[in-house]
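Participant: Here the protein sequences come in this chain order: A and B.
Position 63 of the first sequence, counted from 1, bears residue number 71 in our numbering, the numbering being contiguous throughout.
Position 27 of the second sequence, counted from 1, bears residue number 40 in our numbering, the numbering being contiguous throughout.
Since the hints were derived computationally from the structure, they do not count as laboratory data.
For clarity, every value in this text was computed on a predicted model and none was experimentally measured.
Using N, Cα and C, we set each Cβ at its ideal position, and we do this for glycine too.
Certain hints may be false.
Coverage of chain B stretches by chain A, computed from C-beta distances (three or more under 8 Å per stretch; other residues unrestricted) [claimed, not checked]:
1. 28-36
2. 115-121
Anything over 12 Å on all C-beta distances counts as not near chain B; from chain A, calculated [unchecked claim]:
3. Q22
4. I28
5. K65
6. Q72
7. S81
8. E93
9. V120
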Amino acid sequence: EPEVTQTPSHQVTQMGQEVILRCVPISNHLYFYWYRQILGQKVEFLVSFYNNEISEKSEIFDDQFSVERPDGSNFTLKIRSTKLEDSAMYFCASSEVNYGYTFGSGTRLTVV
Amino acid sequence: GENVEQHPSTLSVQEGDSAVIKCTYSDSASNYFPWYKQELGKRPQLIIDIRSNVGEKKDQRIAVTLNKTAKHFSLHITETQPEDSAVYFCAASKGGNNRLAFGKGNQVVVIP
């Protein structure tokens, strides 16, 4: 069964540092997403991406965040200057046209 | 935006009994309602979904019902087993690959 792959599985970074979280979506999927989940809380939408541009973003996705699809396979989330409150599990997801999300296994980001 | 509420927050059931989790949503334009199961430290996994053109869907021991008028949908698990123990999240979307709005999750504990 096709999978969404995320790397690294765990990232520890110092406050103020930049981090890049990487994702390889399922190859025939056209829509890509980033969600985050603070420990013990619900999953929150960050951004969706289609046709090489952001299609929707939440209020969480401020100027510190950016996404990119640098080549035909990777989809990245960059946080420019991390804050303590950015500590969370970040999930990438992809989908075909109309529904059917598949989530990756997540990257646990710890900001110290 | 869409607001999804999930009840109860925790649910303990005896093995073999049924479990029911209910979610309400606020946006009448939402038309896609998936349920995700998340085991500790793992990715959310889609277990069943329903679209607004049907009222009920069943897959073996799992069923989902939708009441569009009342704007609520429920997950039903019959003949519960210990491996059903997990956090279950409901979500709602306007479809067309729009964002998913998640509920806060429900911890289900199946007691052997």
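Participant: For every hint, state whether the structure bears it out.
Facilitator: Hint check:
1. 28-36: violated (count 0)
2. 115-121: Coverage by chain A holds for the stretch 115-121 of chain B (4 residues, Cβ < 8 Å).
3. Q22: At roughly 24 Å from the nearest Cβ of chain B, Q22 of chain A sits farther out than 12 Å, so the non-interface label holds.
4. I28: At about 20 Å from chain B, I28 of chain A clears the 12 Å cut-off, so the statement holds.
5. K65: violated (9 Å)
6. Q72: Since the minimum Cβ distance to chain B is about 19 Å, Q72 of chain A lies beyond 12 Å and the statement holds.
7. S81: The claim stands: S81 of chain A keeps its Cβ more than 12 Å from every Cβ of chain B (closest is about 19 Å).
8. E93: holds (18 Å)
9. V120: At roughly 20 Å from the nearest Cβ of chain B, V120 of chain A sits farther out than 12 Å, so the non-interface label holds.
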